Each structure stands twice: as C-alpha cells, then as structure tokens.
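In this note's numbering, the protein residues as written are 1 to 290.
Simulated from the structure, these hints should not be mistaken for laboratory data.
Keep in mind it's a predicted model, so treat the numbers as computed, not measured.
Warning: the hint list may mix true and false statements.
Claimed, not checked - Simulated pairs of lysine to any residue, SDA-like, Cα-Cα distance not exceeding 25 Å: (1) Lys224 with Arg280; (2) Lys282 with Ser227; (3) Lys256 with Val270; (4) Lys33 with Leu51; (5) Lys226 with Met283; (6) Lys226 with Arg249; (7) Lys282 with Lys33; (8) Lys256 with Tyr134; (9) Lys258 with Ser190; (10) Lys256 with Leu223; (11) Lys256 with Pro213; (12) Lys224 with Leu263; (13) Lys226 with Met260; (14) Lys241 with Thr193; (15) Lys257 with Met225; (16) Lys241 with Met260; (17) Lys205 with Tyr134; (18) Lys241 with Tyr134; (19) Lys198 with Leu223; (20) Lys282 with Thr102; (21) Lys79 with Gln69; (22) Lys266 with Glu244; (23) Lys258 with Val270; (24) Lys224 with Tyr211; (25) Lys282 with Lys237; (26) Lys226 with Glu175; (27) Lys241 with Ser190; (28) Lys237 with Asn54; (29) Lys226 with Glu244; (30) Lys224 with Ile179; (31) Lys256 with Gly137; (32) Lys226 with Pro153; (33) Lys33 with Leu253; (34) Lys241 with Ala101; (35) Lys33 with Met80; (36) Lys258 with Glu244; (37) Lys198 with Tyr255.
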Amino acid sequence: MPTFTEIVTLKTLLITGINSGIGLHISLYLSQKGYMVLGTVRRNSQVPDILLRNPNIQIFELCLDNDEQLERGFQHIRKMIPPDGLYAFINNAGMVVAGPATEISLPDYRYQFQINLFAGIHLIQLCLPYLIRYGAGARVIHISSVSGLFGSPFLGAYVASKYAGEGFFDSLRRELSLIGLRTVKIVAGSINTPIWEKQLGLLDKFETGNYWPYLQVANSSILKMKSESMPLETINKPILKALEHTCPRPSYLVYKKKWMFLLLTKILPVTFVDRMIRNRLKMKTPEIRT
1 MPTFTEIVTL KTLLITGINS GIGLHISLYL SQKGYMVLGT VRRNSQVPDI
51 LLRNPNIQIF ELCLDNDEQL ERGFQHIRKM IPPDGLYAFI NNAGMVVAGP
101 ATEISLPDYR YQFQINLFAG IHLIQLCLPY LIRYGAGARV IHISSVSGLF
151 GSPFLGAYVA SKYAGEGFFD SLRRELSLIG LRTVKIVAGS INTPIWEKQL
201 GLLDKFETGN YWPYLQVANS SILKMKSESM PLETINKPIL KALEHTCPRP
251 SYLVYKKKWM FLLLTKILPV TFVDRMIRNR LKMKTPEIRT
C-alpha cells in the first residue's frame with residue numbers, strides 16, 4: 001500500500017464501480033498513466049486480484065442504494081484524499097433494469113434511478129469541497145450511455161435514468177464552470193462488459209405479460225450485441241482527453257458507427273425510426289412473423 005506522501009505526489013481520482021467492466025478497465029489504465037485511483041465497489045468480496053496487487057489503487061466498499069451507508073462509506077474515502085484536494089470524480093457505477101416500460105415495478109424504477117442517478121449526485125455533493133480545494137482544472141466525468149440519447153424498447157427504466165443524467169450533467173457543467181471546474185460526459189455505445197450478460201434470463205419474469213413474444217428472443221439479442229460490441233480499449237482515448245485536456249469537449253461519443261447513430265437520432269424522422277424498430281422486432285419474433 002502506498003504511503004500518504006506518495007499519494008500526495010499523484011493526481012487523485014475517485015472512480016465508482018471499479019470491480020468490473022469499464023470501471024475496472026479505466027482504473028487499471030489510469031493507474032498506469034500516473035494517477036492515484038480511489039475506487040469503490042459494492043462488496044469487497046467482488047474485488048479482482050489484479051486490483052489488490054496495484055499500488056496506485058485504493059479500494060473502498062460503498063453501498064450506493066442507501067444514502068446513510070453511502071455517507072458512512074465516504075468517511076473512509078475522504079481520509080485518503082490528499083491535502084491539495086481531489087483532481088477528478090469519475091461517475092461510472094451503473095446497472096440495468098430491463099423489461100417492458102409498463103410492466104417494470106415502481107420499486108425497480110426507483111432502484112434504477114438510485115444507482116444510475118441519485119447516488120452519483122450524492123457523491124458529487126460530497127466530493128465538491130475537495131474538487132474546489134484542488135482548484136481550476138478539477139473536473140467531474142460522467143460515464144454515460146447512448147441510451148441517454150436514444151430510447152430502445154424494453155429498456156425504458158434504464159433509458160429514463162440515462163436521459164435524466166444527460167440533463168443533470170448539462171446543468172451541472174454550466175454551474176461548475178462558474179467556479180472554475182469542468183464537467184465532461186463520455187457517451188458510450190455497446191462496449192464489451194458484463195453489464196448486459198447480467199440480464200440473461202431475467203426477462204423470463206415477464207412471460208405472462210403483453211410483450212412475451214418479443215422478449216423470447218432477448219437472450220440471443222443480448223449475446224449478439226455482446227459479440228458486436230467495442231473492446232474496452234476504445235474508451236482509453238476519450239477518458240484521457242476528458243482528464244488531461246485543458247479545454248475538453250462537453251461530451252465524447254464512443255460508438256462504432258457514429259454516422260449511423262447520428263442518422264438515427266438527428267436526421268431521420270422519428271416516425272420512420274419507430275417503424276424501422278417495430279418491423280425489426282417483428283422480423284426477429286417467429287410468432288409474430290408467421
């Protein structure tokens with residue numbers, strides 16, 4: 001474990017959700033780039049050995065779904081923030097509640113928003129004094145998703161949380177700029193992480209609902225999306241720009257075919273896109289196709 005003096009000599013970052021996926025990747029990548037990473041996980045039992053062996057990564061157990069536990073967990077983190085402050089907070093932790101928008105329970109909607117939005121806001125409020133202490137150049141980086149710009153069917157809860165995040169971080173950027181702090185969004189498309197695989201089989205609980213014929217093909221669709229997803233290294237360049245550029249862009253789109261995404265979201269008529277998605281879903285569903 002590094003000494004406090006060693007930590008002071010490095011720019012310190014706080015990154016949430018580093019036990020897997022994007023969080024695990026960027027914590028390792030940025031530690032190699034000379035940053036001291038304070039990383040959070042839901043449970044210490046989830047921590048991969050590769051993180052435990054890294055002297056530039058300090059790991060903290062942090063429960064995001066309970067405000068009181070979150071504040072108690074942050075008390076341990078604040079002790080490791082150096083006297084000159086926190087250079088960046090990277091809001092990465094997130095999860096997916098999938099299912100038909102009208103059949104997902106309200107408690108599941110609330111949990112989705114707690115993890116993907118409210119916990120991040122709470123942590124920004126706790127981190128703000130340490131970002132201000134660091135001074136000009138300190139920043140908040142939000143790992144967002146194209147689901148905050150495009151509403152896919154059967155991801156209504158997740159999409160809603162991401163749309164809300166897009167709006168919140170736009171407002172935050174304009175506010176923090178008044179006190180010399182920067183806010184950057186990394187808007188990621190499908191990246192090869194476990195987040196979608198965790199949904200395999202979970203849609204079976206909607207078997208008696210109105211949309212089951214469409215949901216039956218969900219598992220194969222998830223596996224296909226994973227096979228076509230971008231490698232984790234795709235995020236290296238934008239995260240480094242967000243951290244090190246003196247005037248970073250407000251957002252960086254990370255998408256395999258950016259022109260296609262911009263076509264769907266900015267150019268084609270909404271009714272045309274709706275019809276295209278509806279027809280594609282029907283083509284994938286044997287019961288509907290016949």
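Would you check the hint for lysine 241 and tyrosine 134, treating anything up to 25 Å between C-alpha atoms as holding?
19 Å, holds
Given the proposed pairing of lysine 256 with valine 270, does the C-alpha separation stay at or below 25 Å?
Within the cut-off at roughly 22 Å; holds.
Does the structure keep lysine 282 and lysine 33 at a Cα separation of 25 Å or less?
47 Å, violated
Decide if the proposed pair is consistent with the structure: lysine 256 and glycine 137, CA atoms, cutoff 25 Å inclusive.
30 Å, violated
What's the verdict on lysine 237 and asparagine 54, does the C-alpha distance respect the 25 Å limit or exceed it?
22 Å, holds
Quickly compare the C-alpha distance for lysine 282 and threonine 102 to 25 Å and report which way the hint goes.
19 Å, holds
Restraint status (C-alpha distance of lysine 224 to isoleucine 179 at most 25 Å)
45 Å, violated
Hinted pair, alpha-carbon criterion (25 Å max): lysine 198, leucine 223. Please report holds or violated.
11 Å, holds
Sort out whether leucine 263 lies within 25 Å of lysine 224, counting only the CA atoms.
Since the Cα atoms of lysine 224 and leucine 263 sit roughly 22 Å apart, the hinted pair holds (cutoff 25 Å).
Taken at face value, is the distance from the CA of leucine 51 to the CA of lysine 33 at most 25 Å?
15 Å, holds
Given the hinted pair lysine 266 and glutamate 244, is their Cα-Cα distance within 25 Å?
Measuring from Cα to Cα gives roughly 30 Å; hence the hint is violated.
So if I understand the rule, the pair passes when the alpha-carbon distance is 25 Å or less; does lysine 226 with methionine 260 pass?
Given that 25 Å is the threshold and the Cα spacing comes to 18 Å, the pair holds.
Consistency note: the structure conflicts with the earlier hints numbered 6, 7, 8, 11, 17, 22, 25, 26, 29, 30, 31 and 34.
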